[in-house]
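Protein chains in written order, with my numbering: chain A, 1 to 124; chain B, 1 to 566; chain C, 1 to 236; chain D, 1 to 114.
The reader is advised that the hints may include incorrect statements.
Sample of chain A residues with no beta-carbon within 10 Å of chain C, all distances over it, derived [claimed, not checked]:
(1) 3
(2) 10
(3) 20
(4) 22
(5) 46
(6) 60
(7) 73
(8) 84
(9) 88
(10) 101
(11) 104
(12) 105
(13) 106
(14) 108
(15) 109
(16) 110
Think about it this way: if two alpha-carbon atoms lie no more than 20 Å apart in a straight line, the pair counts; the simulated EDC-like pairs of lysine to aspartate or glutamate are [unchecked claim]:
(17) C:24 x B:332
(18) B:472 x C:38
(19) C:224 x C:180
Just so you know, these hints were derived from the structure itself, not from any lab. Remember, it's a predicted structure, so these values are computed and weren't measured experimentally. For every residue, glycine included, the Cβ atom is placed at its ideal position computed from N, Cα and C.
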Amino acid sequence: MGVSGWFRFKGRSLFSWAFTFQRLTGVVLLIYLLAHLTYLSTLLDTTGATYESMIAITVSRQFLIFDILLILCGVFHGVNGFRIILHEFGIAYGYRKPLLAIFIVIAVVVWLYASYIMYSLTGG
Amino acid sequence: MKVYHDIVVVGSGLAGLRAAIAAAEKNRNLSVAIVSKTYLIRCHSVCAEGGINTVLRETDEFDTHAWDTVKGSDFLADQDAVEFFVREVPTEILRLNSWGCPWSRDDSGKIAQRILGGHSSGRTVFAADRTGFHITHTLYERLLTYPNVDKYEEYFVTNLVVEDDTVKGIAAIELKTGELVFFEAKAVILATGGAGRLYGFTSCSHIVTGDGTALAYRAGVPLKDMEFVQFHPTGLVPAGGVLISEACRGEGGYLLNKNGERFMEKYAPEKMELAPRDIVARAIWTEILEGRGFDSDYGPYVALDLTHLGEDRIKERLPLIREASIKFAGIDPVEEPIPVRPTVHYFMGGIHTNSRSETPIKGLYAAGECACVSIHGANRLGGNALAECLVFGRVAGELAAEYALNAKQGKISAEFRQKEEKRIFDDLLGKSGDESPYQIKKELNETMENYFWIFREGDGMLKGVKKIQELKERYKNVEINDKSRDFNTDLTSAIEIGYMLDLAEVVAIGALKRQESRGAHYRLDYPKRDDENWLKHTLAYYTPEGPKFDYKPVSITKWEPVERKY
Amino acid sequence: MVEFKIRRYDGEKSYWQSFEVPAKRGMTVLEALYYIKENYDSSLAFRASCRMGICGSCAMKINDKPRLACETQVLTLGNTVKVEPLDNFKVIKDLITEFDGFFEKLKAVKPHLIRKDDNYAEPKELLQTPEELNEYYVFTLCIKCGACYSVCPAAATLDEYLGPAAMTAAYRFCADSRDEGQKERYEIASSPNGVWRCHLAMECSEVCPKNVEPAKAVQLLRRKTAFSMLKSLLGW
Amino acid sequence: MESAKSVMEPIAWIFQMLTGLVMILLITLHFYVTHMTSHEALKYAEVVSRVAQPEFKAMYAALLLIVSFHAFNGLRAILLDTNAGMRGRKTVNALTTLAFLLAFVYGLYLLFSI
Ligand SMILES: Cc1cc2nc3c(=O)[nH]c(=O)nc-3n(C[C@H](O)[C@H](O)[C@H](O)COP(=O)(O)OP(=O)(O)OC[C@H]3O[C@@H](n4cnc5c(N)ncnc54)[C@H](O)[C@@H]3O)c2cc1C
Ligand code: HEM
Ligand code: SF4
Ligand code: F3S
Ligand code: FES
């Protein structure tokens, strides 16, 4: 069936959704990791000028939306990843449904909080 | 296409799986084929719930198991076979244990036993309420360990090749491709199960259409005691007769008629709902016949009322029955009574074999529900069918292996192969006609239910026989709509209906001829057992004009017939 | 009247076909399919046997969810019922899918008791307490219907993936107190197509009609496999 | 069906889980330090002086190792879950391992050059 099999949600539960988003966010974070390393290369310019001009862009208002999406990916991936790790080691398996619900709520709350901080820092 | 094996087992129920294992184990150089029209584990045996009987501990004796069986059979069982049978079951139970069967246990870790109707002590071994399911899976899994067994799954057997009173092989349609495959073999074991689907209202799977029985019959093997058909009192009405187990009545459920009366007080004032199966079944049917049943889209029924037990008790003690009613019939027994009526459950009769699973044809063996050894006689005890499958499946497998070691490879002639191709693909699939096989099946089911049901009676049966013969005539004119080859279930259903018509005729005429009431065969015009004239097995032989009948004495070793009372 | 929209396939092309079925209380989807076959179009192909939810023949996609047709009441589904073959299996005809591979995978995990003292002729009574039985009993309830496999995202993209049902069978035997074949099975389970390909999507447990919890079995098997591999690596 | 024992897989699995757990702490810390109070922490001088402290250097080195392992092992899993990836299993294993090492070494180089 191919990779489209990861995107079949009709008739499926939240678990399928969680699986696919774990994958997608993982890849987004991987790409971000590469980007992060690339832009940290600017630190090699010991005057700091190249670096500062980069940072100026990333902390700007226009960039906020990317930050917030990135945080969403990070937070979801981390929180959901923690849920998976618990189950992988046999913890709370019997509560897999409530746990999924709780963790999604946690992810949203942490995301909103972190986004608020980012918002208040930029251009604040 | 042609394939070669030393032994071909047809059917993958308990009997077929056990036979294949026995043959493969006997000699690892023998090549064994197991052929089934479904995937092996999708056979009917998975449906069995209650358990399997065996003498396992010192507190019980082989002779009591044998006596219970003989008495249950209304003395029609062959006692030498029964005595052999009861001694062989315990080892089978222990074998299954060491092959992984999840038997239910007592606290000390030993295999647990409980009591079923008609037994004098608790000798029924069980695996929760899924005994047949677990045994089938265990045997299947064991079978996978034999490299000398080839599985042919979803192959529909269309013919049994017999020449000079010796078996040569079988013909089967490979469903996936629609191709005919000829299996040449030294020995063939038939384990194709019963024929519950002769009736529309049955606890049996859709595949239980008596194929192997009909094939053997057409090939010249006599069929024994086919008129004995067992009814279970409580089949779920909207679900076409799915079994509702006795546990409901055991937990205190009431049977009520349309007027709200607990009618069992008229038929069995002491035991009430817990009277033996045949009595309860007849009581329910009397109520229905006398107009005190409920009417529904799915036919008449009586109510099995559990509501007075209360939600907690039902949920705790009968969770699976509740689940089954909800899923299969959309009825929650906590809120309303379950609609039930007697359901066709088991065929005591079948392919005639001796007490070692051998048919009169050389190299041909039969075991399980399709065979009639006979250990069930006129009425089978609950829990003895699975045991029979294991014991006689094993015997058939071992004997077939011994036989095959010294026998010549069967040959199926090119001429036969062409004839069979023509019969299936030109004469049946290719032909046009104006009869629908499904209409014929429907009328056959109605006929069987009208005239060969719980109560039988001469005039009705005569009408029934006529009707069946008319249907056989009409069957010659059926048309199959699906003309394609691959996975043509239209074609296989039509062939099955052909098998059923042959068997129906044998059941019908056999029942008409047997002028007495014995076990499951109950005649209003001959309500008494008649040992003087009828303590004998019916044998039906195929002729193109219809069955020819003969009779054979019952083997009696220890127990003279007495009145059957519980 | 309920409209049945059935996804059909005749070996070459696949198309939708609709039938009107007079649905009454108590009717299951399987009965409706028989009704269609016997009254409207007898070429409709589907598998069924026990019609009591135990043989595993009739799993199909009903209104987008894999379910057993014989266990599904028509009237709980609304006015249109969509019936399709299971995902992740190759379709042979109409609702019939290729299961050979599924059973091959089952066989590959050695789903049978392995004991050194296996004695066909004279078996002895192996004991097992009810507690030991409960360790694995739920995993024996699998009817091999394939519903779990049809929703597993790992199976969707990797044909050779052993899949939840086969691994449940593997774990069922590993957890049986009578069994001595854990090592062999852990090795099979740790093949590249085995436990490592499961990412706890858990949809398998969501759809299993028998509540077998295959995801739990796979997870337990993976943990045991991983630790057993690491132990042997460290020479413990 | 392949049954060859693979030592890589159980180790990779366990480390994927362990790195995940550790990262929850380290990434939260990292985020806290850089974003929680103010964006001052992102100033070039700040960065350089932080990285000069051995504790921070060690923390960043560890995070770098862990993240790059986790990320490329995750990528490896994704690729191996497909028919094509599984066909080129050895290549996938080799390339993702290489990528992990490159990312880690390059990160270290950055860490020690500033
Ligand atoms: C609901 C129910 C509950 C029961 N409970 C119990 C119980 O608790 N205890 C007990 O002892 N008995 C019980 N029985 C009876 C028992 O289940 C059966 O008698 C027994 O399972 C029959 O097994 P078998 O091996 O003879 O045949 P089956 O299991 O019926 O197998 C027949 C095999 O033959 C194959 N076959 C048939 N025709 C063809 C063909 N043309 N081509 C290829 N293959 C073919 C089928 O695919 C199948 O694999 C119960 C029966 C029912 C209906
Ligand atoms: C915050 C802490 C994190 C936790 C708890 C965590 C947890 C997990 C877990 C448990 C998995 C395993 C999924 C599986 O194979 O079963 C996973 C996969 C993955 N992670 Fe993370 N992770 C974290 C951070 C990161 C970061 C920072 C990156 C990237 C830089 C990343 C990239 C990936 C990738 C690419 C996958 C593979 C996707 C998949 O298999 O579904 N993760 N993560
Ligand atoms: S685990 Fe459940 S869904 Fe999967 S095959 Fe077994 S019974 Fe079906
Ligand atoms: S859906 Fe598939 S990925 Fe694992 S938990 Fe179940 S096997
Ligand atoms: S027909 Fe057997 S499970 Fe549905």
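Against the structure, the hints come out as follows:
1. 3: violated, 6 Å
2. 10: Violated: least Cβ distance 5 Å, not greater than 10 Å.
3. 20: Residue 20 (chain A) not clear of chain C: closest Cβ-Cβ about 7 Å, inside 10 Å.
4. 22: Non-interface label on residue 22 (chain A) violated, nearest chain C Cβ at 7 Å vs cutoff 10 Å.
5. 46: holds, 44 Å
6. 60: The assertion about residue 60 (chain A) holds, with a minimum of 37 Å to chain C.
7. 73: Given that every Cβ of chain C is farther than 10 Å from that of residue 73 (chain A), nearest at about 17 Å, it holds.
8. 84: violated, 5 Å
9. 88: For residue 88 (chain A), whose nearest Cβ neighbour in chain C is about 6 Å away, the distance does not exceed 10 Å, so it is violated.
10. 101: holds, 13 Å
11. 104: holds, 14 Å
12. 105: holds, 18 Å
13. 106: Residue 106 (chain A) clear of chain C: closest Cβ-Cβ about 18 Å, beyond 10 Å.
14. 108: The assertion about residue 108 (chain A) holds, with a minimum of 20 Å to chain C.
15. 109: holds, 23 Å
16. 110: holds, 21 Å
17. C:24 x B:332: holds, 16 Å
18. B:472 x C:38: Between residue 472 (chain B) and residue 38 (chain C) the Cα gap is close to 19 Å, so the pair holds against 20 Å.
19. C:224 x C:180: holds, 14 Å
The earlier numbered hints that this structure contradicts are 1, 2, 3, 4, 8 and 9.
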